[in-house]
Amino acid sequence: MALISTLLALRRDPRILKLPPYLSALCILVGVVWLLVLPLNEYSRNTYVSENALLPGQVHTYFTGSEHNIFRAYRHEVAALVDTSVQERTQRLGDIFRSSNLKVATQKYEYHASGRNISNQNVYAILHGPRADATEAIVLIGAWRNMADEVNHSGVALVLTLARYFKRWSLWSKDIIFLVSGDSTSGPQAWVDAYHDSYSPASIEPLSIKSGALQGAVAIDYPAGPWGHRYDKLHVVYDGVNGQLPNLDLFNTAVSIASGQMGIGCTLQRMWKHDDSYQERLQTMLRGMISQGLGHASGPHSSFIPYHVDAITLQTVGNGWHDEMSLGRTVESLFRSLNNLLEHLHQSFFFYLLMQANRFVSIGTYLPSAMLIAVNFTITSIALWVQSGRGVSTPNPASATPKASPDSKTSKPDSMTAAEKSGAIALIPTTSLAITERKLFLPLAFILASHFLGLLPLYIFNNTSEPYLGLAFNTITAVTTSLPVLTALLLSKFLCPTEQETTLIQCFSLLLLGMYLSALATLNFSLSFLVGIFASPLTFVRSLAPQTPPTTQSPQIPPSFVSKNRKSLSATMVILLVLLNPLVVIRAATLYWGATIVEVLVQAAEGWHVWGLWTQVVVWLVWWPAWFAGSVVVAGGLFA
Amino acid sequence: MAFDQQKVLLFGVAAAVRLLLFTAFPSLPNLLTGRVEISTPVTSFKRLQEGVFLYTHNVSPYDGGVFHQAPLLLPLFSLLPNPAFHPFATNLLYTVVDLLGANALMQIAESWQSAAPRLFKSSRKDLRWSSIAIGAGFLFNPFTITTCIARPTSALTNLFILISMAKASQGAGATFVLALSFASYLAMHPILLFPPLLLLCYDARATKTKSTPPLLTFAVVHVLALAAALGGLLYLSALLMGSWEFLAATYGVRLLLPDLTPNVGLWWYFFTEMFDSFREFFLGVFWLHVVSYVPGLTIRLRKQPLFVATTLTGIFAVFTPYPSIADGTLYLSLVPLFRHLFPLMRYTFLASSTILYASFIGPAFYYLWIYAGSGNANFFYAITLVWSLGLSVIVGDSLYAALRDELDVERPELRGKEVKRI
Chain C
1 MALISTLLAL
11 RRDPRILKLP
21 PYLSALCILV
31 GVVWLLVLPL
41 NEYSRNTYVS
51 ENALLPGQVH
61 TYFTGSEHNI
71 FRAYRHEVAA
81 LVDTSVQERT
91 QRLGDIFRSS
101 NLKVATQKYE
111 YHASGRNISN
121 QNVYAILHGP
131 RADATEAIVL
141 IGAWRNMADE
151 VNHSGVALVL
161 TLARYFKRWS
171 LWSKDIIFLV
181 SGDSTSGPQA
191 WVDAYHDSYS
201 PASIEPLSIK
211 SGALQGAVAI
221 DYPAGPWGHR
231 YDKLHVVYDG
241 VNGQLPNLDL
251 FNTAVSIASG
261 QMGIGCTLQR
271 MWKHDDSYQE
281 RLQTMLRGMI
291 SQGLGHASGP
301 HSSFIPYHVD
311 AITLQTVGNG
321 WHDEMSLGRT
331 VESLFRSLNN
341 LLEHLHQSFF
351 FYLLMQANRF
361 VSIGTYLPSA
371 MLIAVNFTIT
381 SIALWVQSGR
391 GVSTPNPASA
401 TPKASPDSKT
411 SKPDSMTAAE
421 KSGAIALIPT
431 TSLAITERKL
441 FLPLAFILAS
451 HFLGLLPLYI
461 FNNTSEPYLG
471 LAFNTITAVT
481 TSLPVLTALL
491 LSKFLCPTEQ
501 ETTLIQCFSL
511 LLLGMYLSAL
521 ATLNFSLSFL
531 VGIFASPLTF
541 VRSLAPQTPP
551 TTQSPQIPPS
561 FVSKNRKSLS
571 ATMVILLVLL
581 NPLVVIRAAT
591 LYWGATIVEV
601 LVQAAEGWHV
611 WGLWTQVVVW
621 LVWWPAWFAG
631 SVVVAGGLFA
Chain B
1 MAFDQQKVLL
11 FGVAAAVRLL
21 LFTAFPSLPN
31 LLTGRVEIST
41 PVTSFKRLQE
51 GVFLYTHNVS
61 PYDGGVFHQA
71 PLLLPLFSLL
81 PNPAFHPFAT
91 NLLYTVVDLL
101 GANALMQIAE
111 SWQSAAPRLF
121 KSSRKDLRWS
131 SIAIGAGFLF
141 NPFTITTCIA
151 RPTSALTNLF
161 ILISMAKASQ
171 GAGATFVLAL
181 SFASYLAMHP
191 ILLFPPLLLL
201 CYDARATKTK
211 STPPLLTFAV
221 VHVLALAAAL
231 GGLLYLSALL
241 MGSWEFLAAT
251 YGVRLLLPDL
261 TPNVGLWWYF
271 FTEMFDSFRE
281 FFLGVFWLHV
291 VSYVPGLTIR
301 LRKQPLFVAT
311 TLTGIFAVFT
321 PYPSIADGTL
331 YLSLVPLFRH
341 LFPLMRYTFL
351 ASSTILYASF
361 IGPAFYYLWI
371 YAGSGNANFF
381 YAITLVWSLG
391 LSVIVGDSLY
401 AALRDELDVE
411 RPELRGKEVK
421 RI
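Chains as they are written, first to last, in UniProt numbering: chain C, 1 to 640; chain B, 1 to 422.
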């Protein structure tokens, strides 16, 4: 009982309102530190294969000897097709599949994005498993061109060789589909969309032959030319569109077969050199997070993951002594493992961060860090809500420093209310007892309008053709940078928002941001974390409106530092926020990674129209409105 | 006339928004129809179409075990052109349903029964929103718009509930009974609104005319009228279907919960986990729980019958077997009638943030469970708990405010003092 009354008394304490900024800062700090300790041995775990049926590396592989000659022959066949037309290439690849007694079909696709025309043709063949009833299938993909736009000579040749080789085995209990897609991103997307009957007939052809439910997909990226190239390591790429990941068991199986059975080292996230130090683990994890956060397709496998088909790409890197046959044997062993599956991969994790080929953290361990960042916005918004209901701010009656003049003693009877509770009398500032009605219309309308405003750049960037994208980006950067100041000027000229309304604008904007980010954290942890970090200063900026004119009771309060330098502080905050404009951040990021902005925008538009990419929705309808509302609130201090 | 112009403008804009959404995003209605948050097994538009298809092909619509809605909906919807090819008529019907609902809601607001019923004058009764604002709150509530686009039959139920409330607060006994019997015929549980609405109707009648019959006679007459209306509707259905088997397929399903498709309520998860031998017992307990609110609230808040009816809609949105956001939106649109209670409510921010968070995280978790395959049923159930928590916080908080409001009138000297529950 005593505790409850203490707590109730605390509720009225104005010091409570001073707490939230520190609490928010603590949340952000803990969130970031949480992420930084993850690579330590105490917080991450060694990977392990959960699904017993997979039995990775338990089979003897027979892809050797004479198959090598066939592979070399196919590699020359493929090399001869490089300069031919798409039609002729498809025809020839289909003939090769047909010569191995497989059913073959082709699929044309044609997409339009940023004024470009993405059109090509997929060719695929289906091997009916001798022990299968055509209800399940696994896919082997060799894209004609890889992500770096090189012709995937050896990759396609290996798919052709394996098709011929697999056909001779009687042990397959699932169908195997061999897919040679026209390119690495839109081709597989067109194919997998058509496979699941969710496509627009205007842009892609339906598939004429199909098999059962897809259980897994493996893509080979081996661009060595007709004379071959010995590689050093396998680079396992696993990020799907929108940051979805394949089941960790698939990744683990691939790593354990490649490194355990075949002796090929595995690497991930372009960490060519990894000696398992803290720094390199952290770097791998951060690269993984950025890749996941951007949500773009990272290989031919990416399009499969949204359909709940676990998929990875095996990419050869470096100069070493492993040849195409060891890659072939790896794929063979991997397919034998997948062939063993009794049900869809479900045992292991779908949410994880990898920091080395055999070290990971699972969602339970890392999710709190993004959630803490999201919670910091909610805390501040609750504090702002309470503050907006408190009306005029009062000097802290409990503060030891008698800032207020001696006069305040005499004024006490007016400004204090006596509260009696079980015989004890407490003096409470009347202002903190008064209930202030909140005017909600302007803040709600403003927040709604700023979200709708975000639709405009979203539309423009997705529907501008390539030559104008750079111009569009620069124009929109200039417009959005000046817009908050202009809006604040117009608001103060025409609507004169009160201090309470400004507080409420920020309150609602942060509330929505916190809500979006906590929902997003469950879908795409990395994106939520990155946006949260870049938006975190919005928690701490405030509108520095002039204090309400000092009442007659306390005229002698000396103006504080803040109220003396109100304008210059506001200007500093506005400039700081300009640097955090999502567009400025994107520009800075492209400069840092040496990409051109047009390239990024073209990719994003292709993602929007073809892969179903959602990242730009988050940028324009979550991040940008929050930044805009925060900037307008701060810029209001310049004109109040 | 200025007032009417406002109303025309409001209705015009609301209709335009709905028709624009229907036409600009032709795939949106089908997408929303498939969402479990909006369409339950007993209200889904998809299942209704299945029923209509079977009905027009002279097969009993209840044979497949898919269709669980009232039989009289079938001739109505079979008159409309097939929504797969000519959706405009259906879209227009649902838009009109929403507008009529808003109209009824505005009539309730204009009747003043919320703040100043016959037996009780709230001390804050001047604090109220105009009926236009309340109508706009209903028509532009995103939940209402989503419900309208998804076209579940609960939109019709909501309309009839609102009409019966409006007619009851105007004291029009016949139309009130008729509207309520339609609502109960469609969804069964609205019949529980009868006691408070009967009192509301009686109070309204008593305010209007000086000579009123005694309450008992009034009640008996209206109970008989309701029974006659419901009996008539059921008999008509039996005539239409040729047998009484529709009773088990419609009300039987609502009572016994054989279809455990997830929804935003609390029942489905319990009954998937339940041992079969306890099923009947817990069905009884769960229903008893819902029903028990009716006499308690009606007696305790005898002076404010409209508030009781409103609170009951909130309780239905949480505790009935197949609730959807359509039930939530009905309650949330009725709450603004009690603007005078808002200063006394303590958790509005908490409750509205909870509902806001739940309505965003809910679909995300459902996606993780069903589509991404990386979550499971517990994710979604946890969020439906949060959604129900948000609604029940509003229910509890507004109940507290209503009681406090009564206390302020009875004991003016306690105004503004802390109260303690004993």
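Treat the hints as calculated values from the structure; they're not laboratory data. There could be a bad hint or two in this list.
Straight-line Cα separation of at most 25 Å, SDA-like style, residue types lysine to any residue; simulated pairs [claimed, not checked]:
(1) C:Lys439 <-> B:Ser353
(2) C:Lys439 <-> B:Arg128
(3) B:Lys46 <-> C:Ser198
(4) C:Lys567 <-> C:Leu579
(5) C:Lys439 <-> B:Arg339
(6) C:Lys439 <-> B:Gly284
(7) C:Lys167 <-> C:Glu110
(8) B:Lys208 <-> B:Val221
(9) B:Lys121 <-> B:Asp397
(10) C:Lys439 <-> B:Ala133
(11) B:Lys417 <-> B:Ser123
(12) C:Lys18 <-> B:Ser353
(13) C:Lys108 <-> C:Glu67
(14) C:Lys273 <-> C:Ser198
(15) C:Lys439 <-> B:Lys208
(16) C:Lys493 <-> B:Ser352
(17) B:Lys46 <-> C:His196
(18) C:Lys439 <-> B:Gly171
(19) C:Lys103 <-> B:Ala401
(20) C:Lys439 <-> B:Trp129
(21) B:Lys7 <-> C:Asp323
(22) B:Lys303 <-> B:Gly171
(23) C:Lys439 <-> B:Tyr347
(24) B:Lys303 <-> B:Phe278
(25) B:Lys208 <-> B:Val291
(26) B:Lys46 <-> C:Tyr199
(27) B:Lys7 <-> C:Leu440
(28) B:Lys417 <-> C:Arg15
(29) B:Lys121 <-> B:Lys417
(30) B:Lys46 <-> C:Tyr307
(31) B:Lys125 <-> C:Phe441
(32) C:Lys439 <-> B:Val221
(33) B:Lys125 <-> B:Asp397
(34) C:Lys439 <-> B:Asn30
(35) B:Lys417 <-> C:Trp321
(36) C:Lys439 <-> B:Ser352
(37) C:Lys439 <-> B:Lys46
| message | Are any of the numbered hints broken by this structure? If so, which, sorted upward? | response | 6, 7, 13, 14, 15, 16, 18, 19, 21, 24, 25, 32, 34, 35, 37
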